[in-house]
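Student: Chains as they are written, first to last, in this note's numbering: chain A, 93 to 643; chain B, 74 to 205.
Think of the hints as simulated: they come from the structure by calculation, not from any bench.
Glycine included, each C-beta is placed from N, C-alpha and C at the ideal position.
Hints are supplied without guarantee of correctness; some may be wrong.
Stated by the list, open to error - Simulated pairs of lysine to aspartate or glutamate, EDC-like, Cα-Cα distance not exceeding 16 angstroms: (1) B:Lys192 - A:Asp544; (2) A:Lys558 - B:Glu169; (3) B:Lys192 - A:Asp545; (4) B:Lys76 - B:Glu169; (5) A:Lys571 - B:Asp141; (6) B:Lys192 - A:Glu543.
What the hints assert, rightly or not - A short, non-exhaustive set of chain A residues, derived as facing chain B with CB atoms under 10 angstroms: (7) Met110; (8) Glu287; (9) Asp315.
What the hints assert, rightly or not - Using C-beta positions, here's what the derived DEER-type ranges look like: (10) B:Arg101 - A:Leu134: 52 to 58 angstroms; (11) A:Val542 - B:Asp157: 33 to 39 angstroms; (12) A:Gln473 - B:Lys192: 37 to 43 angstroms; (13) B:Asp102 - A:Arg187: 58 to 64 angstroms; (14) B:Asp195 - A:Lys571: 38 to 44 angstroms; (15) B:Lys192 - A:Gln425: 17 to 23 angstroms; (16) A:Gln524 - B:Gly187: 49 to 55 angstroms; (17) A:Val481 - B:Lys154: 57 to 63 angstroms.
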Amino acid sequence: MSSFVEQLQAWQAGVDKMLAKRPERKEQFTTISGLPIDRVYLPDDPGQEYADKLGLPGNYPYTRGVQPTMYRGRLWTMRQYAGFATAAESNQRYRYLLDQGTTGLSVAFDLPTQIGYDADHNLARGEVGKVGVSISSLKDMEVLFDQIPLDKVSTSMTINAPAGILLAMYIAVAEKQGVKPEQLRGTIQNDILKEYSSRGTYIFPPRPSMRVITNIFAYCAQDVPMWNTISISGYHIREAGSTAVQEVAFTLANGMAYVKAAMDAGLDVDQFGPRLSFFFNAHSEFLEEVAKYRAARRLWAKIMKERFGSTNPKSMMVRFHTQTAGCSLTAQQPKNNIVRVAFQAMSAVLGGTQSLHTNSMDEALSLPTQEAVTIALRTQQIIGYETGVTETVDPLAGAYYIEHLTDEIERQAEDYIVRIDEMGGAVSAIEQGFVQREIQEAAYAYQRAVEDDERVVVGVNKFVVKEPPPTGLLRVDPKVREEQAAALAQLRAERDQKAVDSALAELKTAAENDQNLMPHFLSCVRVYTTLGEICGTLRGVFGEYQAPTTI
Amino acid sequence: MHKIRVLAAKPGLDGHDRGVKVIAAALRDAGMEVIYTGLRQTPEQIVATAMQEDVDVIALSILSGAHDYLFPEVMKLIKQKGMDNVLVLGGGVIPEEDIPALKAAGIAEVFGPGTNTHKIVDFIQANAKPRG
Numbered sequence: 093m094s095s096f097v098e099q100l101q102a103w104q105a106g107v108d109k110m111l112a113k114r115p116e117r118k119e120q121f122t123t124i125s126g127l128p129i130d131r132v133y134l135p136d137d138p139g140q141e142y143a144d145k146l147g148l149p150g151n152y153p154y155t156r157g158v159q160p161t162m163y164r165g166r167l168w169t170m171r172q173y174a175g176f177a178t179a180a181e182s183n184q185r186y187r188y189l190l191d192q193g194t195t196g197l198s199v200a201f202d203l204p205t206q207i208g209y210d211a212d213h214n215l216a217r218g219e220v221g222k223v224g225v226s227i228s229s230l231k232d233m234e235v236l237f238d239q240i241p242l243d244k245v246s247t248s249m250t251i252n253a254p255a256g257i258l259l260a261m262y263i264a265v266a267e268k269q270g271v272k273p274e275q276l277r278g279t280i281q282n283d284i285l286k287e288y289s290s291r292g293t294y295i296f297p298p299r300p301s302m303r304v305i306t307n308i309f310a311y312c313a314q315d316v317p318m319w320n321t322i323s324i325s326g327y328h329i330r331e332a333g334s335t336a337v338q339e340v341a342f343t344l345a346n347g348m349a350y351v352k353a354a355m356d357a358g359l360d361v362d363q364f365g366p367r368l369s370f371f372f373n374a375h376s377e378f379l380e381e382v383a384k385y386r387a388a389r390r391l392w393a394k395i396m397k398e399r400f401g402s403t404n405p406k407s408m409m410v411r412f413h414t415q416t417a418g419c420s421l422t423a424q425q426p427k428n429n430i431v432r433v434a435f436q437a438m439s440a441v442l443g444g445t446q447s448l449h450t451n452s453m454d455e456a457l458s459l460p461t462q463e464a465v466t467i468a469l470r471t472q473q474i475i476g477y478e479t480g481v482t483e484t485v486d487p488l489a490g491a492y493y494i495e496h497l498t499d500e501i502e503r504q505a506e507d508y509i510v511r512i513d514e515m516g517g518a519v520s521a522i523e524q525g526f527v528q529r530e531i532q533e534a535a536y537a538y539q540r541a542v543e544d545d546e547r548v549v550v551g552v553n554k555f556v557v558k559e560p561p562p563t564g565l566l567r568v569d570p571k572v573r574e575e576q577a578a579a580l581a582q583l584r585a586e587r588d589q590k591a592v593d594s595a596l597a598e599l600k601t602a603a604e605n606d607q608n609l610m611p612h613f614l615s616c617v618r619v620y621t622t623l624g625e626i627c628g629t630l631r632g633v634f635g636e637y638q639a640p641t642t643i
Numbered sequence: 074m075h076k077i078r079v080l081a082a083k084p085g086l087d088g089h090d091r092g093v094k095v096i097a098a099a100l101r102d103a104g105m106e107v108i109y110t111g112l113r114q115t116p117e118q119i120v121a122t123a124m125q126e127d128v129d130v131i132a133l134s135i136l137s138g139a140h141d142y143l144f145p146e147v148m149k150l151i152k153q154k155g156m157d158n159v160l161v162l163g164g165g166v167i168p169e170e171d172i173p174a175l176k177a178a179g180i181a182e183v184f185g186p187g188t189n190t191h192k193i194v195d196f197i198q199a200n201a202k203p204r205g
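Extracted from the complex, chain B is given alone in its bound form (with noise of 0.2 angstroms):
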């Protein structure tokens, strides 16, 4: 069977890769293949990487406050290639009243604090549509 495939991507300046790398972890315990971008990654690099990769799913960690930016960023240009099919996922320190702006954009589902990693899983394994 084809493993999903992630990219977990840090957009923005935000350096706060602890959650990331968890989550990254409990994906890969799962059984996923994940690739992380690291830090620093613009929208058009986050996208180009997921192209490149032929991924699943994008999961996008932001705690700087600045996902009202570039999380519907990153989508614009989803859309712009085409990846209909890629699920895409937000996480970090995310007011919930943004969170409707976020799913209007795109997001699929968006992760706050405290979240368990199973959930995520769960979830990426019900809706992602891995090719192949």
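Bound conformation, chain A alone (with noise of 0.2 angstroms):
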């Protein structure tokens, strides 16, 4: 083991080396009033300790951080989640978005097409395009897209159970473009264990959904190496009533079961490792929630080293976006939460986040009007621009409170996941409704908390006033589902049918023989087979799950 004193050195070497490559976006930062600031602070002395549980930013075990220079080198990306209506409207909002500033896109789809049915199904009454964006097929992606390079932007997709279908469509839509599936950059979120505990968009059931992950991790390593394969996330075990803990604990035991099943498919652990990524939620208990960011790194890697074997330290970096929590938003008083979602921020920012998005002070009451998302874009630009928490690496390291909670985090979160263990991992924890269990019962808890005024929500229990109802809110037009279907059913009476129907054959037997399903996925896709005719042949090759009531 090398000395502190040596690992500086080698580390300094490395920044060095990055910096004449591409240096940071100041030659010299200094606080509002002059004073010089330094990339990195340390102890005066820093001991065994301080190198084992700290270390340097950039370097194992990534407690202060996954790059040496962190937003000195470039600030977080900034990344509003967004999509309504159709593809037409939510291509007009990405314009926007990126014209305002935005550095990647973030994709919200419906609910029909999170969970396999073509707008035109009978399910899907009342649905379409009210959460996010319907997409039935690669045409639908086509406009979604429309004068958007995807060779230059950067885009993450909020879809889990048919995750791989959207993927497809969206690399068809880049070779349209003429665009690489080599140089497409972004991420699915393709994490349905917290589906079944937290977020309700499952389609079949764990054991072939853990498959079809493993096969888009297989294909992307070869295929789409710059994409991110999965984003576990913890965003939705918190908004469904999770502690800070339970947050960390649930998110990385996902993390392990996907791991574990990737590599019991014969897939090398540091062959798919770098390009796993996570999200987490930023709530309002700012200094645990910086905290938590750190502890998930430092236990991420040493699961990653320690448990699996990993040697890349690529593999071992938790790379994470945040998002504000939406649970938090209140609907009385809403332009409140413009202050709630500007501290919020601030925690992920000093927890290390990679990409962000605020969410708008009207999401408590609809989807957020244009107004109220351009304020949550400003809140970023404002702590990244001019409050200077970004002019130094990891600004709270040290300070006796933030490294307490690490460790109690980080503690706390261990002895879930030897709990987890137990029970055969998450998996098997999820069936059993363990998962589901501990959420809601924290859940009940938060809330007796609040309405026995032991917490306070301003607003809500305390410093309440009348206040008219909120007018101008965004309403997404019911006759989207007509006309939605009614594009769908001239697709299908235009499109080559004999084509679909083979894709769609073929696609079967992959399935029903343990292929990889990807290169089908695109096959159908190409020909312009719906999602809803893929999710339906797979439906009938899988099953659906069938959740357990644990209430």
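Got two chains here, each in a separate frame; can you build the complex from them with the hints?
Tutor: What follows is the structure, encoded as structure tokens:
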């Protein structure tokens, strides 16, 4: 084991080399009053404990961040989740956001799309275009990314059960733009386990779902190497009511289940490991949140190295997206939400996030208006460009309280992971309803605390005022469904039906015979087979998930 | 005394069940019997379960914005089946301007984000008509 002084020298040499290639944002960093700011601050005499637990940014165990220069090199990606109504309307919103300085796209799909039903399906009634954009075929996807160069933007897609199919559509749109799969950058959420426990947009049972996920890992490692094949999500676990500790524990336990499934399928941990990414919530308990991200990084690095034998640092790094907590927004006095979001976003930045979505003030009421979305984006820009917290790496490190919370969250999350191991891993723990029960008990305890006035929510149980109902909310025209259904009827009449039938037949055979499904998704979408037809075929082979009732 | 029986239901494709589960727990703590449908119920399934379980109250929860279509669909079936005594409540992310139309369709009350569960308990105790 080299001494910390040697580690520091090696780190500095690495930074110098990196800076020669890609300098930081400024040549010198100073406070608003002119005081110089160093890249990283360390204890006067860093001992072994410091080296083991915190180390240097960009070095194992990554407590202090995954890059040596963090936001001095580049700010996080400002990525606002958006999508509603038709592909054409969402395309307009994306182009507006790009014009306003957003640096990555994040696509919200409506529920029928997320659950693999076409817009004209009976169960899609009332839901088309409501919580996101309606995508039934490659035709819709072509409109969604019209005039958006896919070699220039990175795109995150909140899609899980049918993630491989939507990724195939994205690849097919890129081909039409002359962009190769190896140039594509972005993320599919593709995290089915938290759908069973927290978010609800599952289709197939866990075992075949895990198989499709490993298919995607294997395919992308070869063909779409810059794509993040999964975003292992604590966000929705937290939204469902978990504590910060549970968010870390259940997210990492799910991550371990994916790694194990992929290794069991014969993949090398360091072949797919670098493309795993994470997604966390930013809640209102400011310092606990900062500690949470740091604890998650340290714990995952240890798990990948010690349990799974990873040797590639990139596999050990938690690279993560953050979204501010939707569940913390209040319908009462909605402008107060701007302030909540600002604090939450700041915690994510102090915790070293790679990308960030800030919620809009009106999201406890409906989809956000353009004005509300703009304020949310400006909040990130103010943190990034005005507050100065970006100018040194991991600025809260070494604070007694922060380091205590980091240790404590890590320790308690590890305890949960041991319990989940004893149950046979995350898949079994979810099948038994353990994770769901833990989350709902925490949610109820929180609600009781608010109702008993042990916890104050400003505008809800204290400082309450009478106010007129909000006006000018964004509405989705119910005609969207009829328009989408008519467009689908036309598509089905015009496409090469023979090609569709044979692509679906081959998909069915591949699904029955444990072949990689990704090439088949591509053959299907290229000839305009619809999402509902593809998922319907897979439903026939895999069956549908039946959720256990846990209350 | 006959306990008030409540069906807590999630119509549509929405997967957000934190609210409905918290309310189910609160109603149980208040002494009611609560049956939860689970996710992704069609209006037909909800009304069939309500009949089978002989409930006094149906509490519908939607956070996806599909309340404008699905709540009236449930009410239409309830009227068809002649279940006039059943008290139907709605909850979720529902803009205030939508509430008059939902009430006109027969939803007795709509509870938005931040509602205290005691308020829901009180409303049910004051308005449910338990048989028995």
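Student: I want to verify a distance hint. Is the separation of the beta carbons of A:Val542 and B:Asp157 within 33 to 39 angstroms?
Tutor: holds, 36 angstroms
Student: With a cut-off of 10 angstroms on the beta carbons, see whether A:Asp315 makes it to chain B.
Tutor: violated, 31 angstroms
Student: Given a cut of 10 angstroms on the nearest C-beta pair, is the interface hint for A:Glu287 held or broken against chain B?
Tutor: This interface hint holds because 7 angstroms falls under the 10 angstroms limit.
Student: Tell me if the beta carbons of B:Asp195 and A:Lys571 are separated by a distance inside 38 to 44 angstroms.
Tutor: holds, 40 angstroms
Student: Are B:Asp102 and A:Arg187 spaced within 58 to 64 angstroms by their CB atoms?
Tutor: Distance hint for B:Asp102, A:Arg187 is violated at roughly 50 angstroms.
Student: Tell me if the straight-line CA distance from A:Lys558 to B:Glu169 falls inside 16 angstroms.
Tutor: Given pair A:Lys558, B:Glu169 holds - Cα atoms ~14 angstroms apart, limit 16 angstroms.
Student: Given the proposed pairing of B:Lys192 with A:Glu543, does the C-alpha separation stay at or below 16 angstroms?
Tutor: holds, 11 angstroms
Student: Does the structure keep B:Lys192 and A:Asp544 at a Cα separation of 16 angstroms or less?
Tutor: Holds - the C-alpha atoms of A:Asp544 and B:Lys192 are around 13 angstroms apart, at most 16 angstroms.
Student: A range of 37 to 43 angstroms was offered for this pair. Does it hold for the Cβ distance of A:Gln473 and B:Lys192?
Tutor: holds, 40 angstroms
Student: Below or equal to 16 angstroms on CA atoms is what counts here, so check B:Lys76 against B:Glu169.
Tutor: violated, 32 angstroms
Student: Between B:Lys192 and A:Asp545, does the CA-CA distance stay at or below 16 angstroms?
Tutor: holds, 15 angstroms
Student: Is 52 to 58 angstroms respected by the C-beta to C-beta distance linking B:Arg101 and A:Leu134?
Tutor: holds, 54 angstroms
Comparing the model with each earlier hint shows violations of hints 4, 7, 9, 13, 16; every other hint is respected.
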